[in-house]
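Visitor: Take a look at the letters that make up each chain.
There are 2 protein chains.
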Amino acid sequence: MNKLVGACMFGQSGGPTSVINSSAAGVFIEAMKHDCITEIYGAAHGIRGILEEEFYDIRKEDTKELMLLKNTPSSALGSVRYKLKAANVDETDYKRLLEVFKKYNIRYFFYNGGNDSMDTCNKVSKYLQKSGYECRVMGVPKTIDNDLDVTDHCPGYGSAAKYVSTTMMELKLDANVYDTPMITVVEIMGRHAGWLTAASALASYKGLGPDLIYLPEVAFDTDKFIKDVDKVMKSNGGKCMVAVSEGISDADGTLIAEKLGTNLAKDSFGHAQLGGVGAMLSNMCKDKFGCKTRAIEFSLMQRCGAHLASKTDVEEAFKAGATAVKYAVRGTTDKMVYFKREMKNGKYSCKMGVMSVAKAANTEKKVPMEWIVNDGTMLSKEYVDYAMPLIQGDCKAPLEDGLPRFARLNKVLAGKK
Amino acid sequence: MNKLVGACMFGQSGGPTSVINSSAAGVFIEAMKHDCITEIYGAAHGIRGILEEEFYDIRKEDTKELMLLKNTPSSALGSVRYKLKAANVDETDYKRLLEVFKKYNIRYFFYNGGNDSMDTCNKVSKYLQKSGYECRVMGVPKTIDNDLDVTDHCPGYGSAAKYVSTTMMELKLDANVYDTPMITVVEIMGRHAGWLTAASALASYKGLGPDLIYLPEVAFDTDKFIKDVDKVMKSNGGKCMVAVSEGISDADGTLIAEKLGTNLAKDSFGHAQLGGVGAMLSNMCKDKFGCKTRAIEFSLMQRCGAHLASKTDVEEAFKAGATAVKYAVRGTTDKMVYFKREMKNGKYSCKMGVMSVAKAANTEKKVPMEWIVNDGTMLSKEYVDYAMPLIQGDCKAPLEDGLPRFARLNKVLAGKK
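In order, the protein sequences belong to chains A and B. When the count follows the working numbering, it moves up by one through the first sequence with no breaks and lands on 417 for the last residue. When the count follows the working numbering, it moves up by one through the second sequence with no breaks and lands on 1417 for the last residue.
Excised from the complex, chain A in its bound form (with noise of 0.2 Å):
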């Protein structure tokens, strides 16, 4: 084993979710473990914090506060979507940041992340390898989008699957409580994959979720959606649930939401008020049915309710990101933590294991055809049992005057060096 000595870097990317935080916390915690990790840095705002030299000294926060991160949803350092060029074409980012990590002797480096931030990742660990820097470098997956490949799920997804599931459950409730014909039709999010919006279907199984559930997976035809609400409305008593996902496309490839929102005139502020496809197929029911419609949608809610988080993504996440940490010290680099499922005897556990960040970065795993059954508005057994052990445990911040205590960073910038 070689040892190496530095300090460690750690960087936020992309949307948050519950369980990020989590991650850092796993990387923090583990990082203090290592005698040859010198400082713990943590970025502001991802790469960007560290093209500007603006990074907190993790060791400087009280061990207590850390460990709130578990249950702090959204990014506690700051995240960015900031898009690296490719080295041979601007060289500018990369060597500000190898300056950067000479400066400060960085020479463990965790990002955490979804695609675009392992796309990041795997640049900046090409260039320092190339560049003969020695720093090891790990991706971090996260994403509630949960389009990852190789990797069985992300970190993220189960909480946001926790989210959108019970409380599809509780708008069911809702939903059906007046005897009037009602369409209720709830827009969730997930631009090329449905797995998000798949997880409705954990309470439709459960016997209060969406009659018709709709992912990008499967080209969108609105006439089919009629006929589909029509045939529900017919053999339900006149009430109907639909769960969508915000990017359900045409045959064609268009997003149904640019389709519909094409006619869209402008208001007072001369702005489209778009209000996503949910709202675009609400009004569209309201008009061919003339029955009371409701478009909902999750918008922020499902990646940022950890009040709902589940445990085993909370638990999971903590200890990808300690994973990385172990692997780095242990001499591996340029490899993201991946998720590897175990069943036996019907109980589930997650093994973890280290892949290529590259892999990772250029992959987009969308949810398998074969498990979008009844003619493309519900997903299968095999799904929900996919799912099932991922949203399982409760797992939430303490309350403090029965609201969350979630962790205050002090947030100390290093010192410019």
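Careful: at least some of the hints might be erroneous.
[Said to hold, decoys possible] As a list, the in silico DMTMM-like pairs of lysine to aspartate or glutamate whose alpha-carbon atoms are at most 25 Å apart:
#	chain 1	residue 1	chain 2	residue 2
1	A	292	B	1258
2	A	311	A	385
3	B	1095	A	179
4	A	366	A	382
5	A	95	B	1179
6	A	396	B	1052
7	A	292	B	1052
8	B	1126	B	1179
9	A	130	A	400
10	B	1234	A	400
11	B	1239	A	394
12	B	1381	A	401
13	A	347	B	1401
14	B	1396	A	394
15	B	1344	A	400
16	B	1344	A	54
17	A	224	A	54
18	A	347	A	401
19	A	83	B	1179
20	A	206	B	1401
21	A	239	B	1179
22	A	227	A	250
23	B	1319	B	1401
24	A	206	B	1035
25	B	1411	B	1053
26	A	319	A	179
27	B	1396	A	400
28	A	396	B	1400
29	A	381	B	1401
30	A	319	B	1258
31	B	1340	A	401
32	B	1351	A	401
[Claimed, not checked] In silico contact screen, one side only, chain B against chain A (beta carbon under 8 Å); selected entries:
#	residue
33	1034
34	1038
35	1075
36	1079
37	1171
38	1252
39	1253
40	1254
Because the hints were derived from the structure by calculation, they are not lab data. Bear in mind that the values here come from a model prediction, so they are computed numbers and not experimental data. Just so you know, even glycine gets a beta-carbon here, dropped at the ideal spot from N, CA and C.
With chain A held as given, fit chain B onto it using these hints.
Guide: The following block gives chain B in isolation, referenced to the frame of chain A:
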């Protein structure tokens, strides 16, 4: 004490809440303890179920399921929005009600709802009295709007307030995650009274809430709004979070949603893309500040989010139902249960009493103007002290496969007589 022997009828009315079924459980479980109550009926869809002789035989339910009602959101028996005409205008419904009451020997009538439902309850009570038919009529309060008079607060409010404040804290963490300017506008229920929107101030007092809160109690001025936001943006690093009541109106009493919506063109289905006042204000901000803005609606989730119910609220709602039965059995009629707050050594407790149901029916309690501070944009410490005890404690349905196990009623219709 005049012992009155006969059946009891319970109905749910108006918009559902997280705890309206908790009151149902309170009524049913208490009713079973009294020999003078022969049958226990639950009206399907409130007053309409009585008119149509459609009610469930609650004695055919499993007690375990009735107890699960405590943590099951929405109205398990079905709700209704049905306004009884005054008896001197049209007696038809009243005659029919009397007929049904006589046929089934209904001597106890419990009605659970807000102002409108108490109006129904009051009218039925007065008509039965006038007809000389002995029946004990009791209102059980319920409304997330918290706008019933005399009572310190209403069952349903605490849980909705807990949903609003907790979710607001999570959203605040999420909304601030990027290092770019951002305005978030969250729309909260409440047409005339701002109680529920006010609950977002609980998050502000924890340092993670909206910067600006607008209630229907204060005339809304869009120019002032833009100035308020501008001030926050400048002092707060380009971030602003706004909580706004759906019912905000201008000085003339015109709804802002209506005012801003008038110029809205129709979408491709011929419907104005209203999307609520939050979306309109968000667009207005986008126009004025040119930065990213986001509108979020808590929609039905704020009233059915039983997974975030307040234990205090759940227990009080249950007790309110039980108290109504106890009073009725002892001879009380024509009243509504109300809550009286007692503070001893800083410790909150809630006593229950009865008040005129007529009074509850026709009054509307608003947020006191002296609790609205910062030039109409924030709630005072007095409000926080008022609301904080109401959101205390967690209390939710048991989990089954990681999802809530809500009550499953048999709903056996009572045999028609």
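Visitor: Hint by hint, note whether the structure agrees.
Guide: Evaluated hints:
Of the pairs offered as hints, the one joining residue 292 (chain A) and residue 1258 (chain B) holds, with about 19 Å between alpha carbons and a cut-off of 25 Å not exceeded. Using a Cα cut-off of 25 Å, the hinted pair residue 311 (chain A) and residue 385 (chain A) holds, with the two alpha carbons roughly 18 Å apart. With a C-alpha separation of about 23 Å, the suggested pairing of residue 1095 (chain B) with residue 179 (chain A) holds against the 25 Å cut-off. Between residue 366 (chain A) and residue 382 (chain A) the alpha-carbon distance is near 15 Å, which keeps this suggested pair within the 25 Å criterion.
A hinted pair counts as satisfied when its Cα atoms are at most 25 Å apart, and residue 95 (chain A) with residue 1179 (chain B) qualifies at roughly 23 Å. With a CA separation close to 46 Å, the supplied pair residue 396 (chain A) and residue 1052 (chain B) exceeds the 25 Å bound. A threshold of 25 Å between alpha carbons decides the hint, and for residue 292 (chain A) with residue 1052 (chain B) the separation of about 23 Å falls inside it, so the pair holds. Distance hint between residue 1126 (chain B) and residue 1179 (chain B) is unfulfilled; the C-alpha atoms sit about 62 Å from each other, more than 25 Å.
Restraint check for residue 130 (chain A) and residue 400 (chain A): the C-alpha separation of about 50 Å exceeds 25 Å, so the hint is violated. Restraint check for residue 1234 (chain B) and residue 400 (chain A): not satisfied, since their Cα atoms lie roughly 31 Å apart, outside the 25 Å limit. Note on residue 1239 (chain B) and residue 394 (chain A): the hinted pairing is violated, with a Cα-Cα distance of about 32 Å set against a maximum of 25 Å. The hinted pair formed by residue 1381 (chain B) and residue 401 (chain A) meets the criterion: a straight-line CA distance of about 14 Å does not exceed 25 Å.
Only pairs whose Cα atoms come within 25 Å are accepted, and residue 347 (chain A) paired with residue 1401 (chain B) is accepted, the gap being roughly 13 Å. A hinted pair counts as satisfied when its Cα atoms are at most 25 Å apart, and residue 1396 (chain B) with residue 394 (chain A) qualifies at roughly 12 Å. Straight-line distance between C-alpha atoms of residue 1344 (chain B) and residue 400 (chain A) comes to about 21 Å, which keeps the hinted pair within the 25 Å bound. Of the pairs offered as hints, the one joining residue 1344 (chain B) and residue 54 (chain A) is violated, with about 50 Å between alpha carbons and a cut-off of 25 Å exceeded.
A distance of roughly 53 Å separates the Cα atoms of residue 224 (chain A) and residue 54 (chain A); the hinted pair therefore is violated under the 25 Å criterion. Using a Cα cut-off of 25 Å, the hinted pair residue 347 (chain A) and residue 401 (chain A) is violated, with the two alpha carbons roughly 37 Å apart. Distance hint between residue 83 (chain A) and residue 1179 (chain B) is fulfilled; the C-alpha atoms sit about 15 Å from each other, no more than 25 Å. Taking the CA atoms of residue 206 (chain A) and residue 1401 (chain B), the gap is near 10 Å; set against the 25 Å cutoff, the hint holds.
Between residue 239 (chain A) and residue 1179 (chain B) the CA atoms are separated by roughly 44 Å; this puts the pair beyond 25 Å, and the hint is violated. A distance of roughly 16 Å separates the Cα atoms of residue 227 (chain A) and residue 250 (chain A); the hinted pair therefore holds under the 25 Å criterion. At most 25 Å may separate the alpha-carbon atoms for a hinted pair to count; residue 1319 (chain B) and residue 1401 (chain B) exceed this at roughly 30 Å. Proposed proximity of residue 206 (chain A) and residue 1035 (chain B) is contradicted: the alpha carbons are some 38 Å apart, above 25 Å.
Proposed proximity of residue 1411 (chain B) and residue 1053 (chain B) is supported: the alpha carbons are some 14 Å apart, at most 25 Å. Distance hint between residue 319 (chain A) and residue 179 (chain A) is unfulfilled; the C-alpha atoms sit about 49 Å from each other, more than 25 Å. Distance hint between residue 1396 (chain B) and residue 400 (chain A) is fulfilled; the C-alpha atoms sit about 18 Å from each other, no more than 25 Å. Proposed proximity of residue 396 (chain A) and residue 1400 (chain B) is supported: the alpha carbons are some 18 Å apart, at most 25 Å.
For the suggested pair residue 381 (chain A) and residue 1401 (chain B), the alpha carbons sit about 14 Å apart, so the restraint of at most 25 Å is met. Restraint check for residue 319 (chain A) and residue 1258 (chain B): not satisfied, since their Cα atoms lie roughly 51 Å apart, outside the 25 Å limit. Between residue 1340 (chain B) and residue 401 (chain A), the direct Cα distance comes to roughly 21 Å. Compliance with the 25 Å bound is thereby established for this hinted pair. Straight-line distance between C-alpha atoms of residue 1351 (chain B) and residue 401 (chain A) comes to about 21 Å, which keeps the hinted pair within the 25 Å bound.
Taking 8 Å as the C-beta cut-off, the interface hint given for residue 1034 (chain B) is violated, the closest approach to chain A being about 29 Å. At its closest, the beta carbon of residue 1038 (chain B) sits 27 Å from a beta carbon of chain A; the interface hint therefore is violated under the 8 Å criterion. For residue 1075 (chain B), the suggested interface contact is upheld, since its CB lies about 5 Å from the closest CB of chain A, less than 8 Å. Of the supplied interface hints, the one on residue 1079 (chain B) holds, with its beta-carbon coming within about 5 Å of a beta-carbon of chain A, less than 8 Å.
Taken as an interface hint, residue 1171 (chain B) checks out: its beta carbon lies about 6 Å from the nearest beta carbon of chain A, inside 8 Å. For residue 1252 (chain B), the suggested interface contact is broken, since its CB lies about 18 Å from the closest CB of chain A, more than 8 Å. Checking residue 1253 (chain B) against chain A by beta carbon gives a least distance of about 20 Å; that is not within 8 Å, so the hint is violated. A distance limit of 8 Å between C-beta atoms decides the matter here; for residue 1254 (chain B) the minimum to chain A is near 14 Å, and the interface restraint is violated.
Of the numbered hints stated above, those contradicted by the structure are hints 6, 8, 9, 10, 11, 16, 17, 18, 21, 23, 24, 26, 30, 33, 34, 38, 39 and 40, listed in ascending order.
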